[in-house]
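Undergrad: As a plain string of letters, each chain reads:
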Amino acid sequence: MERSGLAENKIATVEDNDLKWVLLCQKGDVEAFGILVERYQKKMLNVAYRMTGDYEESCEVVQDAFLAAFRTIKKFRGEARFSTWLYGIVINSTKNRLKQLKRDKSRFWHAGDNPGDPGDGAIDGFDCLAASGSGQQESLLEHLEKKELEAGVQKCIGLLESDHREILILRDIQGLSYDEIVTILKIPPGTVRSRLFRARIALKDLLLARIGEFS
Amino acid sequence: MTCRDIEQNLPAYLEDLLPEEEKDLIREHLASCRKCGKALEDLQRMELLLQNLEEVTPPPWLKQKILAQVKEGVHAEKGFFKKLFNPVYFKIPLQTVALLVITVLAFYLYRGEGPELKKEGVDIVPPAAILQQQQSSEKREPFRMAPAQSASTQMESLEKSDKSVAAPSRYTRREPAPPPQKSPLREEIRPESVQPAQPADGAVVALKKEFPPEAEEWEKREKRKEKRLAGDQDSAKPGLQEHKIDEAQLKAQPHEFSVASRSMERDVEGGATFPLRQSAPSTGIGNRDSKAESAATETAQVRDRHKKVEEIRILLRQYDAQKIESSVSGEKEILTAILPSRQVKTFLQKLEARDDTGTSVSVGTADAKQGTVEIRIEILRKP
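So the protein sequences, as listed, match chains A and B.
So in our numbering, spot 197 of the first sequence is number 197, and the numbers just go up one at a time.
So in our numbering, spot 160 of the second sequence is number 375, and the numbers just go up one at a time.
Please keep in mind that the hints were generated in silico from the structure rather than gathered at the bench.
Treat the hints with care, since some could be wrong.
[What the hints assert, rightly or not] Every beta carbon over 12 Å from chain B, so not counted as near; a handful from chain A, in silico: (1) 18; (2) 23; (3) 100; (4) 101; (5) 102; (6) 147; (7) 179; (8) 194; (9) 200.
[Stated by the list, open to error] Sample of chain A residues facing chain B (criterion: CB under 8 Å; computed from the structure): (10) 30; (11) 41; (12) 173; (13) 201.
We treat Cβ as the ideally placed atom computed from N, Cα and C, and that holds for glycine.
Make the full structure from the sequences, and use the hints.
TA: As structure tokens, this is what we get:
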């Protein structure tokens with residue numbers, strides 16, 4: 001599984017479909033950057049949202065991250081895929097925003113704290129769920145149960161340590177390869193694995209403790 | 216291997232990252248331990264749950280907002296260079312700064328002329344006439360300055376003044392005015408005791424040795440203007456004419472300075488024994504380098520000055536001068552005498568022909584009844 005992921009990554013690195021748009025962006029083409037924004041805004045927003053648990057905050061973070069990406073896109077040399085590079089910017093922007101928010105007011109994820117009632121920003125984010133995700137064939141009850149479960153999962157993710165949270169989001173939710181995670185987080189591959197495994201066990205324990213049996 | 220150890224290795228087991236030996240051990244344990252088996256199931260369910268989490272959808276405005284901010288940033292970067300050459304941000308401030316720099320430079324260059332002149336040995340001091348004028352104006356009394364006129368112009372004025380009513384001399388004392396028949400000239404005449412005279416045309420004139428043609432032309436023009444004014448107002452309102460004369464003298468000052476400077480240069484080049492700072496009090500031009508002259512030269516200068524005074528005395532006697540008096544006032548030696556009006560013109564011409572720099576001659580008020588005119592000759596004592 002890992003080997004196949006590395007192979008895919010190598011091919012993908014060679015075949016970066018974003019490269020031509022990136023080159024145009026490096027020449028100051030805003031329209032080309034618009035294409036990249038269109039392509040990655042959802043993924044980046046989901047990363048930010050899973051990190052912060054607040055939809056509005058995640059939108060702000062994504063804006064800042066894309067602006068930072070455009071400002072520094074001339075430094076991008078194609079050593080990794082553009083999406084990998086962009087993930088790194090979003091992760092850093094999100095962490096900086098969380099630090100800032102923690103300084104301003106302890107309103108987000110703190111160990112031992114109640115991550116918030118259902119009326120907080122996390123729920124706002126779920127209100128923006130894609131229509132395709134909530135199929136019309138699902139009954140209203142099932143839909144509500146699923147939303148409640150996902151909200152619980154999100155709360156548990158928020159209770160994880162920051163290092164565990166980001167690596168779990170990148171690997172288990174976004175499905176990035178270990179090499180990409182190594183590039184994004186700038187930590188050794190062994191550290192990535194051990195940290196990820198600890199994060200999984202921690203989240204499982206949290207889910208069992210908070211939600212009970214989940215399926 | 217305990218359940219806790221097994222549980223810690225379950226994520227790696229699921230990803231098939233463990234060696235075969237460890238995998239076999241875990242397999243055996245899972246087959247016998249229901250708790251660890253459930254933990255494995257939970258991990259697998261959690262993985263599915265995380266993979267199937269609903270994705271949040273970005274709001275429709277997000278892309279537009281990002282691109283708008285990006286464009287704004289691009290314009291801001293471009294705008295920086297535009298602002299750099301924008302008249303409001305760059306051009307006008309630059310012009311203002313340049314103007315200020317030029318103004319300051321011009322100011323210092325203008326001020327720098329003084330020291331340069333001093334370096335070259337030319338010192339400019341206020342003319343005595345101006346000082347006297349200031350003293351007189353302080354006393355709030357009418358005052359007549361000696362206009363810078365040529366000898367011929369002065370004599371015309373004298374002739375006119377002879378016909379007109381004689382006015383008190385500027386050299387009268389502060390005591391009650393003397394009777395008209397007596398000479399207004401007094402023995403001890405000092406600047407502080409000088410009282411402004413009553414206005415009269417040409418009553419007091421300061422005679423300069425040399426006048427540039429421009430000054431004479433200007434004087435003539437001023438004279439013509441005075442005559443025109445006097446035609447209407449007569450000599451009963453001499454204040455205006457007096458004012459004109461004062462202006463004429465003031466405007467003639469720069470010429471006097473230049474004349475004095477030229478004469479000094481000539482003297483220095485010609486090896487004259489006159490001290491460099493030997494300008495007439497009215498011109499006030501001197502040379503500070505005189506301090507560097509040797510004692511022998513100073514002795515020679517003193518000798519020359521005495522000789523000059525004696526020569527002027529003899530000249531005065533030749534022109535029937537009476538009451539020749541000499542006094543010392545500050546750095547000046549002052550010779551006063553009363554000359555017959557008819558002799559004044561020739562005397563002045565003779566004196567002028569002597570080419571004595573450092574000598575200033577003032578012609579006092581004419582006494583119409585006695586037909587005399589007082590003459591005051593100032594000779595600079597000290598260089």
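Undergrad: Of the numbered hints stated earlier in the document, which are not met by this structure?
TA: 6, 8 and 9
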